[in-house]
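Join the two chains into one complex using the hints; note that each chain is given alone, in its own frame.
Residues per chain, in single letters:
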Amino acid sequence: MKKSTFVFFAIMMLSFHLPAQIKIVTTIPDLKSIAEFIGGDQVDAFSIAAGYQNPHFVDPKPSYILKLSRADVFITVGLDLESGWVPALLNSARNPKIQKGGEGYVDASLNVPLLQIPTNINRGEGDIHIYGNPHYWLDPLNGKIIAQNITQTLIRLDPDHQVQFQERLKKFNETIDAKVKQWESMLSSFRNTKVIAYHNEWPYFEQRFGLKIVDFLEPKPGIPPTPSQLSKIISVMKRDRIAIIINSMYFKAESAELVARNTGGKVVTLATSVGGVPEIQNYFELFDHNVRQLLSALQH
Amino acid sequence: MRILKTSIIIFAICANSTAQTDSTAVEDSLSLHENEQSIPIGFSAATPLIRTAPSMNPDISAIGDFRSSYSDEGPRNLDAYFNALEVQVSSVVDPYAEAKFLFSFGKDSVNGEYSAGLEIATLTSLSLPFSIQATAGRFKTHFSKVNQLHPHAFSFVEFPAVIRNYFGDEGLFMEGVSASILVPNPWDVYQEFVLDVGRSGATPSVDYGAGNRLLTTAQLNTFFDLSENSTIGFGLSGLSGVNSVEKKLMMTGFDLTYKWKPVQYNTYHSFTWQTEAMLCRSDTADGSTVKSYGAYTLFEYQIEKRTFVGVRFDYSGLPMAERSDERGVALHLRFQPSEFQVFALEYQHADPNYGPAFSQVVFRAIFGIGTHAAHAY
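Chains as they are written, first to last, in our numbering: chain E, 2 to 301; chain C, 44 to 420.
If we strip away everything but chain C, and leave its shape as in the complex, we get (with noise of 0.2 Å):
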């Protein structure tokens, strides 16, 4: 009885406010007329809008990377050469979706030859539901921190050596589909769970593949504010393909990223330590199973306003050779005089237990024009 009652006085309460509502409502008509009459002519309040350049072209840039370079091995010590041209075009398509094509012209490091290829090519959901965002075409494969860059990204002139070793040049890439998705978590940090499958092109781990298996990789990022000037994020990565002998291939990753910026000086200074590390098992035509691995662990410091300086450190190993491996050594200093200009010198060593050991002083020019989006954090 007393339930009854208790549940009768929330009815009544509930009720009681929808009434007033209610009762106020001619009022309110009235006040939003009066409102609307007080906007200025052309400005509805029945429509967001908003200010922007009456054009339908899509966003284009280009990047131009040029090199010179002094090796102590070969029989060229001294080369210059423009490394490569990229050019991106990206534009919403319609209210669901984004697209993004990226051409690049490029000088083959071997034969010297210049050749365009398509590095990007992808459609991008916008409005997925369940936060979910998808993604169709050519993009780079969502394993370890670094292979989501673009070479002109990267802060070095080139990738650690586990990136090319495993992945070529480049880093590596997949023409299929991927989605991604906010992971609901109880800390309330940003956890995003990231799934592409298709096929890549040959690199020296993983292959195209001429039967059904196809390339899987999945990627867990977590990413920490410690403090209102540094961050620090997670990565945990996983592929599973096969080989050039279209064999089984897996490997797994883990990166840590932490970032120092001060917000109120944010364009003086700034420090990021990246680390990675990779482990890779593949299985040869023989029945044995190839295990080897790499890691780098970068550090960069910002000087002034437009002056970096940086070191990493590399280890790798060769995915088909257990034994094979190399150490390296890179030593970084750039200078931005805008945010479209980068020059860089960098001193480079490698020493691997294959070959001789080599050293090579590069120096590095990136410049772009046209609208460039932002990298990802």
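In isolation and in its complexed conformation, chain E is listed as follows (with noise of 0.2 Å):
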């Protein structure tokens, strides 16, 4: 036998026995996250919105169709906040796989216990999401429910690493109820006191740690400031002594800047995604740093 020909034979022998990653695709990087610490070397993630991007609002791009088309896995939030964008995606995607009900589509959404369910369903209301209100992973204890579905579909992919993702699985709940208590801990003392928000995405964070969000610079959710729900803001502020509003990544800060200025408190521009600004690597540091950003506004 000649030698280049062992030698691929031999390759190709080895090349059975490597595990082969599983390829994810998440709509946001928070998903990518978490799958990639349930997944550890066995998985290989991507995420099509970037931590500082709105994620009502990604272009589908033919880019991303190349990413699924070649993907195990796609995890969404769902609850319609992708409405606008994935189903182009998915539908270029020729992946059987990643199609709704397909053994690799995770809906990270599932068992979640959602807040604002919409009893008046038109859109008259705004911009909005009929199954409830959609940024729930700003609760960080969701966070152990996406984790928990997405260890769901990495077992069933790939069970010869189910002990591993369970393994992960249970540390990553460990680290979150650690953290958890911290992070509440720091704002303790801050519990109950009264917010302004830009648009309405923060009611689980809310939530968790005891603040209270009296209004929202958008009259109606996707509407922007208007002159008239500016100055409703800044009476309210005023009334109320409300000194922080808190604003977003993908919002430009005029409206927030404006009623600040007119009220004397603060703008807390906080990152609703991983990657939002650059030292949020992971999951736990996008709420160390939102718990850091607001606990320095309300101690000033």
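There is no bait here: all hints are sound.
Below, in silico cross-link-like pairs of lysine-lysine (BS3-like), each with a Cα-Cα straight-line distance of 25 Å or less:
| no. | chain 1 | residue 1 | chain 2 | residue 2 |
| --- | --- | --- | --- | --- |
| 1 | C | K348 | E | K253 |
| 2 | E | K213 | E | K182 |
| 3 | C | K143 | E | K62 |
| 4 | C | K304 | E | K68 |
| 5 | E | K98 | C | K143 |
| 6 | E | K221 | E | K233 |
The hints are simulated quantities; they were obtained by calculation from the structure and are not laboratory data.
Have a look at this one:
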């Protein structure tokens, strides 16, 4: 046998025993971060949206179709958060594994207790989400449910590594539980503090950390701030001595800063996702950053 | 001998790793059983679960297009009319395919009468091998970039002159089959090849054809991410069919689209440059060949969250008249209170060499209700 032929067959034999990574595509970087924690070396994950990008409005670029066509798993926030762009991508992906109901389709919202489920569904109320507020990943305890949903799928696709996936899920849950105690303790002095927010994307964060968001700069979800709404907010802030306006990475701060100037308040820009600022490298650091930012603003 | 020894060693390594997996099999089964026990009731690891509204109804949407205009040509300078209503119904048929129907109710620009028509009726596969996606039915032909759009989805009030002059006001439709494939390439970029075969209706260029010569189009689309904030796409299109005198007609097209949109503030600003050119060779009944061409280039800029401005330059010949052409320009201002309403004001000027030049100002209101899928990028 020629030496080159032997080497070829040797490599082929070895390759059958090299573990193949599960290719995961997620809609937002937080799902990618959790998937990477659970999956470890067994997964190769990619997030379509960037951490500083408005997840409601992501362009369905053809380059994402290429990623989806090769994916084993697709993880979505669901609850119609991505209804403006995910269907266009999935329909062109030519990948039955990751279509709704397919073995690789993960709706991360499953079993998450939802807030703000609307009783009146019509577009007169703005950009409403008919299943409930979709920004549930901003309660770190919901991260455990997301991690459980992802673990189920990874075990289903790669049962050989289910022990490792379960161990990492356990580690994730223990880390979250410890960190939540720490974060809650840091903000405990400010429970029930009234704040204003730009967009209605913080109810889960609000509930977990005891804030009270009393109004929004948007008169209705998705409608840009109007002069009358800003005027109303200024009155409310002055009347109730509200000092904090929460803005997000992808909203320009002009409206928030105008209100702050007229009320003596402060604009706090929080990250809604991993990667919102460069130092937020994973799901835990998202809350490390946001709690620190909020604490700093509340203390001064 | 050395090779034989090495082979035995490699085989031993592989066999050993397999044996190790086997020796932990019992532990894995117990662990899996424990994991299943910890799963909430009704939540099985074996079945992927999704959250969706409990309804078998298809997605239904309706989009209205109202216009009013002032033109410096003809006896009626001022006009106001409901231009078109599009009703789209779409749904998954079964695990293998989805269907889409689009009905339009539009006003004939010549006689002013309203009529109904079927614009789109397609069955599209979801699960063919080799990443093939196939469609059968009536669809917008895959020739040209802008021809893929429905009028309400195009940023300007009307299609460019080259599309209108060669394919009609609504563009080129086909009844037939279409198949597309993602083309593997060494640069690992998105590249899609689409082939359509069927018949069109009567248009200024290609016609239905009484014989067996079908309309065939081929398109190769390539797409690059230039940066996080900008992209560029190229398209090459070819068309072969028959014209209204049953003679051969061939067209080739090239399109280029550059888009810039900052990822962080992606709802505030964007810029698009799109340009297309088409060549047409149409044989005539007397044996000669008419060569003609057309092109357009447009620029659009999003000034702020809901306001866009644009300009488009047109040049177009006519498919059966070699010396006839027209030049045009359109200036466009658009305000979108939400994704479901668009108000546009557009100034248009056309200067054909086969008739008088004319100008018009058009106001358009587009409004939609129901569930309408996002348009392609």
